[in-house]
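With these hints in hand, go ahead and build the complete structure from the sequences.
Top to bottom, those sequences are chains A and B. So that you can map any letter, position 69 of the first sequence is 69 in UniProt numbering, and since no number is skipped, the others follow by simple counting. So that you can map any letter, position 41 of the second sequence is 41 in UniProt numbering, and since no number is skipped, the others follow by simple counting.
Mixed in with the good hints there might be a few duds.
Simulated crosslink set (BS3-like; lysine-lysine; CA at most 30 Å straight-line) [what the hints assert, rightly or not]: (1) K105/A with K77/B; (2) K85/A with K117/A; (3) K77/B with K147/A; (4) K67/A with K139/A; (5) K174/A with K77/B; (6) K67/A with K84/B; (7) K150/A with K117/A; (8) K105/A with K280/A; (9) K67/A with K36/B; (10) K174/A with K84/B; (11) K105/A with K147/A; (12) K174/A with K108/B; (13) K72/B with K105/A; (14) K36/B with K90/B; (15) K150/A with K77/B; (16) K105/A with K75/B; (17) K90/B with K174/A; (18) K72/B with K150/A; (19) K77/B with K280/A; (20) K108/B with K84/B; (21) K75/B with K139/A; (22) K72/B with K174/A; (23) K105/A with K84/B; (24) K139/A with K72/B; (25) K36/B with K174/A; (26) K174/A with K150/A; (27) K67/A with K77/B; (28) K174/A with K75/B; (29) K84/B with K139/A; (30) K36/B with K280/A; (31) K75/B with K150/A; (32) K67/A with K75/B; (33) K90/B with K75/B; (34) K84/B with K280/A; (35) K105/A with K117/A; (36) K139/A with K77/B; (37) K36/B with K105/A.
Partial pick of chain A residues on the chain B-facing surface, computed with a CB cut under 7 Å [claimed, not checked]: (38) K67; (39) L103; (40) E129.
Just so you know, these hints were derived from the structure itself, not from any lab. Using N, Cα and C, we set each Cβ at its ideal position, and we do this for glycine too.
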Amino acid sequence: MTHDETELGGVSRRGALECMLWAGSAVVWTVSGGVPSSISLAKAATLAEQKPFSFLQLSDSHVGFDKPANPDALGTLREAVARIKSLPTQPSFFIHTGDITHLSKDSQFDDADQVLKELNAPIFYVPGEHDIVDEEPGKAYLARYGKGTKGAGWRSFDENGVHFIGCVNVVDLKAGGLGNLGEAQLAWLADDLRGLSSSTPIVVFAHIPLWTVYPEWGWGTQDSAQALELLKRFGSVTVLNGHIHQVMQKVEGAVTFHTARSTAFPQPAPGTAPSPGPMKTPPGALRTYLGVTELNFVRGGEPLAIVDSALAS
Amino acid sequence: MPQTFMTAKRRSLFPFLLAAALVSPLPAGAAAVSVKIDNFTFNPPELTIAPGDTVTWTNGDDIPHTVVGVDKSFKSKPLDSDDKFSFTFKEPGQYDYFCSIHPHMTGKIIVRTP
Ligand SMILES: [Cu+2]
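Next comes the structure, spelled out in structure tokens:
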């Protein structure tokens with residue numbers, strides 16, 4: 001375990017991240033006044049008892065995927081939903097950070113909706129690149145999930161004093177480029193943030209990471225710096241992404257970047273394979289690579305706790 | 001015609017028929033060339049062909065890809081594993097293309113009169 005980052009609460013950031021990645025265990029992060037720290041699961045349980053609300057992030061369901069890495073992506077989504085339903089406290093709502101389907105087919109959206117409606121709570125979606133490969137890109141997605149959104153499906157809403165922003169960075173991608181927010185969305189974002197006090201906690205969610213994880217594999221967003229510039233006056237910003245099918249976290253000033261696991265199949269760590277294609281796991285191990293992310297807000301101490309849990313440990 | 005004769009004749013014609021089947025859809029002189037998609041790369045990434053040649057892309061990955069001309073002159077549907085997409089390049093020129101799902105994947109077709 002390396003300790004080259006600040007020790008906070010007894011576990012280094014890097015150390016905690018390794019635990020999440022390699023043991024598939026639940027690790028809790030809190031953000032207090034913009035400073036993240038890890039806390040014990042026992043303390044997290046106490047916090048969980050007082051929390052006024054929590055929400056949960058699902059990502060990369062890839063319904064329709066049936067290749068060797070996971071022959072039944074709909075089945076593992078169903079398992080994820082069952083696990084969420086068994087939580088003692090149900091999240092107030094859900095976000096899905098894209099790649100709901102594998103090929104944007106109506107039947108795949110139907111299957112996903114059929115399983116996800118079991119959650120019985122609002123789900124706020126942003127599209128992944130796999131959700132907009134229909135004939136008229138994004139038509140099927142927007143018909144289902146576009147209500148109340150602008151442009152290609154971006155939106156903002158407020159919940160318990162937290163300002164949520166769902167961004168779309170998978171449309172109009174340019175040859176050789178990365179994810180893309182585009183001028184229109186950036187202008188909308190500037191306008192959306194204008195009236196907000198800098199003490200408002202912000203949660204931004206989008207499919208492709210809004211930080212440069214690994215450009216060689218397209219894991220980044222080319223104009224994310226412009227979005228982050230607009231967000232830099234805020235004291236607490238949490239950025240939640242998917243796309244890379246593994247947990248990764250980075251903290252930069254008041255901004256915590258976090259990527260969630262997929263519920264369908266894992267992808268290799270950056271640069272550890274010839275390509276970012278679906279990663280085959282040892283027999284019986286798939287579910288330790290799949291999972292969901294729960295986020296808890298606690299009033300007063302105003303920490304934000306991020307809990308990644310795998311479908312199996 | 002006796003059955004035995006038919007069988008013998010068919011067998012002797014088989015190599016010729018196979019060759020004819022491969023070239024028959026193309027006009028005289030036109031060639032069929034292929035690009036394989038493996039590990040999120042177009043192989044070969046750059047290809048020089050003659051006007052009228054047809055390029056066929058085959059996706060060997062277990063993730064879908066697309067083949068999209070930067071100038072929008074050609075565009076495939078999402079290609080699932082082993083799906084193919086063909087396009088006949090009639091006009092000389094340089095055609096840059098990419099995968100619209102994974103835009104870091106790029107390739108180039110150069111169409112030049114030999
Ligand atoms: Cu691709």
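Given the hinted pair K174/A and K84/B, is their Cα-Cα distance within 30 Å?
Satisfied, since the Cα-Cα distance of roughly 23 Å is no more than 30 Å.
K67/A paired with K139/A [C-alpha distance capped at 30 Å]:
The hint holds at about 26 Å.
Between K75/B and K150/A, is the straight-line Cα distance small enough, at 30 Å or below?
holds (27 Å)
Are the Cα atoms of K77/B and K147/A separated by 30 Å or less?
holds (27 Å)
Between K174/A and K75/B, is the straight-line Cα distance small enough, at 30 Å or below?
This hinted pair holds, its Cα atoms lying about 14 Å apart.
Could you grab the alpha-carbon distance between K75/B and K139/A and see if it respects the 30 Å cut-off?
holds (17 Å)
Is it true that the CA of K174/A sits at most 30 Å from the CA of K77/B?
With Cα atoms ~17 Å apart, K174/A and K77/B stay inside 30 Å; holds.
Check the hint pairing K67/A with K77/B against an upper bound of 30 Å on the C-alpha distance.
holds (19 Å)
Within a Cα-Cα threshold of 30 Å, do K105/A and K77/B meet the stated pairing?
Within the cut-off at roughly 12 Å; holds.
Would the pair K105/A and K84/B pass a check requiring their Cα atoms to be no farther apart than 30 Å?
OK: K105/A and K84/B at ~19 Å, within 30 Å.
Would you check the hint for K67/A and K75/B, treating anything up to 30 Å between C-alpha atoms as holding?
holds (25 Å)
Holds or violated: K105/A with K280/A, Cα cutoff 30 Å?
holds (25 Å)
Of the hints listed earlier, there is not a single one the structure fails to meet.
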